[in-house]
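Taken in sequence, the protein lines are chains A and B.
Read in order, the letters of the first sequence are residues 1 to 151 in our numbering.
Read in order, the letters of the second sequence are residues 152 to 654 in our numbering.
Among the hints, erroneous ones may be present.
Unchecked claim - From the structure, some residues in chain A lie toward chain B, with a derived Cβ separation under 7 angstroms: (1) V20; (2) G48; (3) A52; (4) W67; (5) N72; (6) A80; (7) S97; (8) L120; (9) S138; (10) L141; (11) F144.
Bear in mind the hints are in silico, worked out from the structure with no lab data behind them.
We put the beta carbon where it would ideally sit given N, CA and C, even for glycine.
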Amino acid sequence: MTALQPSLACGIILLVAIWVCWISFSQAPAEAFLFPRLISVAFVALAGWTFARVLLDPRVAEGGITWTLVKNILPGVVVAGVYVFFAAKWLGFYTSSAIAFIVILSLYDPAPHDQVRAWLKRVAVTAGYLAVMYLLFSIVLKVFIPRGLFI
Amino acid sequence: MEFAAYFGEVFTVPAMLLLIGGTIGGLILGATPGLSPTMAVALLIPFTFQLEAVHGLILLGAAYTSTVAGGAVSAILLKIPGAPANIATTLDGHEMARRGQGARALQLAFLASLVGGLIGVALLIFLTPVLAEWALAFGPSQLFWLAILGVTIIGSLGTSSVVKGLLSGCIGLWLATVGFDDILGVQRFVFHSSLSGGISIVPALIGLFAIPQVIAMFADGRRMSSIEAISVERHPLSRAVRELLSRVRAVVIGTVSGSIIGLIPGIGGQIAGLVAYDQARKVSPERDKFGTGHPEGIIAAESANNAMVGPSLVPLLTLSIPGSPTAAVLLGGLLIHGIFPGTDLFDNHPHVAWPFINSMLIGQILMCVFGLYIASLAARVALVPKSIMAPIVLGLAVFGSYSVQHSMGDVYVMAALGIMMYFLERFGFSAAPLVLGLILGPIAESNFIQGSLIAEATVGPFAYFFGGALNLLLVAIVVASVGYSLYAELRARRTAVAGGDAP
Numbered sequence: 001m002t003a004l005q006p007s008l009a010c011g012i013i014l015l016v017a018i019w020v021c022w023i024s025f026s027q028a029p030a031e032a033f034l035f036p037r038l039i040s041v042a043f044v045a046l047a048g049w050t051f052a053r054v055l056l057d058p059r060v061a062e063g064g065i066t067w068t069l070v071k072n073i074l075p076g077v078v079v080a081g082v083y084v085f086f087a088a089k090w091l092g093f094y095t096s097s098a099i100a101f102i103v104i105l106s107l108y109d110p111a112p113h114d115q116v117r118a119w120l121k122r123v124a125v126t127a128g129y130l131a132v133m134y135l136l137f138s139i140v141l142k143v144f145i146p147r148g149l150f151i
Numbered sequence: 152m153e154f155a156a157y158f159g160e161v162f163t164v165p166a167m168l169l170l171i172g173g174t175i176g177g178l179i180l181g182a183t184p185g186l187s188p189t190m191a192v193a194l195l196i197p198f199t200f201q202l203e204a205v206h207g208l209i210l211l212g213a214a215y216t217s218t219v220a221g222g223a224v225s226a227i228l229l230k231i232p233g234a235p236a237n238i239a240t241t242l243d244g245h246e247m248a249r250r251g252q253g254a255r256a257l258q259l260a261f262l263a264s265l266v267g268g269l270i271g272v273a274l275l276i277f278l279t280p281v282l283a284e285w286a287l288a289f290g291p292s293q294l295f296w297l298a299i300l301g302v303t304i305i306g307s308l309g310t311s312s313v314v315k316g317l318l319s320g321c322i323g324l325w326l327a328t329v330g331f332d333d334i335l336g337v338q339r340f341v342f343h344s345s346l347s348g349g350i351s352i353v354p355a356l357i358g359l360f361a362i363p364q365v366i367a368m369f370a371d372g373r374r375m376s377s378i379e380a381i382s383v384e385r386h387p388l389s390r391a392v393r394e395l396l397s398r399v400r401a402v403v404i405g406t407v408s409g410s411i412i413g414l415i416p417g418i419g420g421q422i423a424g425l426v427a428y429d430q431a432r433k434v435s436p437e438r439d440k441f442g443t444g445h446p447e448g449i450i451a452a453e454s455a456n457n458a459m460v461g462p463s464l465v466p467l468l469t470l471s472i473p474g475s476p477t478a479a480v481l482l483g484g485l486l487i488h489g490i491f492p493g494t495d496l497f498d499n500h501p502h503v504a505w506p507f508i509n510s511m512l513i514g515q516i517l518m519c520v521f522g523l524y525i526a527s528l529a530a531r532v533a534l535v536p537k538s539i540m541a542p543i544v545l546g547l548a549v550f551g552s553y554s555v556q557h558s559m560g561d562v563y564v565m566a567a568l569g570i571m572m573y574f575l576e577r578f579g580f581s582a583a584p585l586v587l588g589l590i591l592g593p594i595a596e597s598n599f600i601q602g603s604l605i606a607e608a609t610v611g612p613f614a615y616f617f618g619g620a621l622n623l624l625l626v627a628i629v630v631a632s633v634g635y636s637l638y639a640e641l642r643a644r645r646t647a648v649a650g651g652d653a654p
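Please model the complete structure; the sequences and the hints are all you need to start from.
Shown next, in the form of structure tokens:
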């Protein structure tokens, strides 16, 4: 793995730190930004140090993301993202949760997709999951769950 | 002996049901690889909203106690530590299980956990009120330094890279300032309407601990799991008790190491088992047998893991400095019930503090009893495929975050922080210091502002924040923890370079 990815990650953190510092020192009233000013100085110093170390000494670079990892996590993250940021409010919590559950289960279940038995198992597990969530949140905890187009 | 007066409150029907439920659930969650104790406790917090504060804390305390012990089940039967704290248990536990001694290994693990856990909670009972009284001497400047100490100590001692640990702490401190300023009511760093009320602790905790684990479960793709649980044979419990009594040295080493490590803020239980295992091996005449299925390896590691639980709550309940990441989540649980650690806890909420602490004593016994009987079941549950576990945790995270304030904004913040944390973890950053920064940020800021106002009217900021023996002691500890960790990191890097390995 090259030091490019850690450099990029540390560079982004440094940019955020500089932005926090700039906001802290440029916004008024100063009293409201006293504590942010204090921590933003340490934030920039530490982020700058981390970025400089990765840039100057690639041996300290650690971690990274491979293509295989991206290919594996991307479908799940996209489904989870659509579920959380759009579907939950639009379709309703229970409907969107059921759809997200069965889609993620199908994406990552090693059983072949052409087996009827595998699909029956997925549907049964999803139904069981929904029943438990309904019991926990709507019956036991009595949480008001937002309804969208459905429930 | 004030604690004894509150024992009766643990033996009520709701408290006992929660204690038993939390213990069984914690054992199963702890045994499940990929679900850390911290995440389990974070996911449980929303379930405590409907409960009285004392009952909510009893549930969280039971889950904390039993998830740590439950990790031994998968360490022994699956060769996968349920949590990082159980790594040392894997070394000898799984070897014993492979030889057909799984039940013996599990019995020794749970009995050692019981002994270590009881002594750890006893320390919690006797040390906490003394330290809480001592904390009365703390003014705004000392409380500010304590909050900074909490962040720096977990950032420097509890992570692999000191600078990245401290940087994570800074990110947490910054995130804590998002929203309205408490004194002037000015909006700070609000770049989306979801953030106008600031970042709520519970959704943030759920996002930071649960979502990275969900994404990590996706990382294996559609791979078929090849792990199989080793079946457990019958083994008389009385023989395991006699064996434990004959190996007192390992119990003492584990319990003492775990208790001391638990008391040091920030280090947590992850290293307690490994340190105790290493010490037990060094002093054992049978040190060559360690790693080949030696009972003393399991006893030392597991007694240390559970001995750490009680003492890790001492700095939390007295000074607001969590001893471990899970203790940090418990602090979040206390704060959302409007309870602040320190003397306030024992003076104004003794009916919450003492039953909670006492319940951990009972919880240790329940953990041992249920652990011995449901270990095989827990190991089977631990084999639930990640393709099922990931959407379950995701759903619990969404419903749990929403239920805090009935706000979709909280759900968005939870998901955004979780995704950010997954990528930060990929580059060597850690969630624990970030969470500490987020939790201790408001404490640090309010005391910093109060201190600044007092300083302006009296001796000036430098003399106020750096004057006096207590301030200097706290600053010295901050500098020493960061300095020592930097030195240790540099030395390890030099050794690795000299050995020809990439660091």
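Evaluated hints:
At a threshold of 7 angstroms, the smallest CB-CB gap from V20/A to chain B is about 6 angstroms, leaving the interface hint in force. Here the hint on G48/A is broken, as its CB sits about 10 angstroms from the closest CB of chain B, past 7 angstroms. At a threshold of 7 angstroms, the smallest CB-CB gap from A52/A to chain B is about 11 angstroms, leaving the interface hint violated. Interface restraint check: W67/A against chain B, minimum CB-CB distance 12 angstroms, threshold 7 angstroms, status violated.
Look at N72/A: its Cβ gets to within about 4 angstroms of chain B, closer than 7 angstroms, so that hint holds up. A distance limit of 7 angstroms between C-beta atoms decides the matter here; for A80/A the minimum to chain B is near 6 angstroms, and the interface restraint holds. About 5 angstroms separates the beta-carbon of S97/A from the nearest beta-carbon of chain B, less than 7 angstroms, and the hint is met. Evaluation of the L120/A hint against chain B yields a violated restraint, the C-beta minimum of about 15 angstroms exceeding 7 angstroms.
Interface hint at S138/A: violated, since its Cβ lies 10 angstroms from the closest Cβ of chain B, which is beyond the 7 angstroms cut-off. Checking L141/A against chain B: minimum C-beta separation of about 5 angstroms stays under 7 angstroms; hint holds. The restraint placing F144/A at the interface with chain B holds, with a minimum CB-CB distance near 6 angstroms, inside the 7 angstroms limit.
Violated hints, listed in ascending order, are 2, 3, 4, 8 and 9; each of the other numbered hints is respected by the structure.
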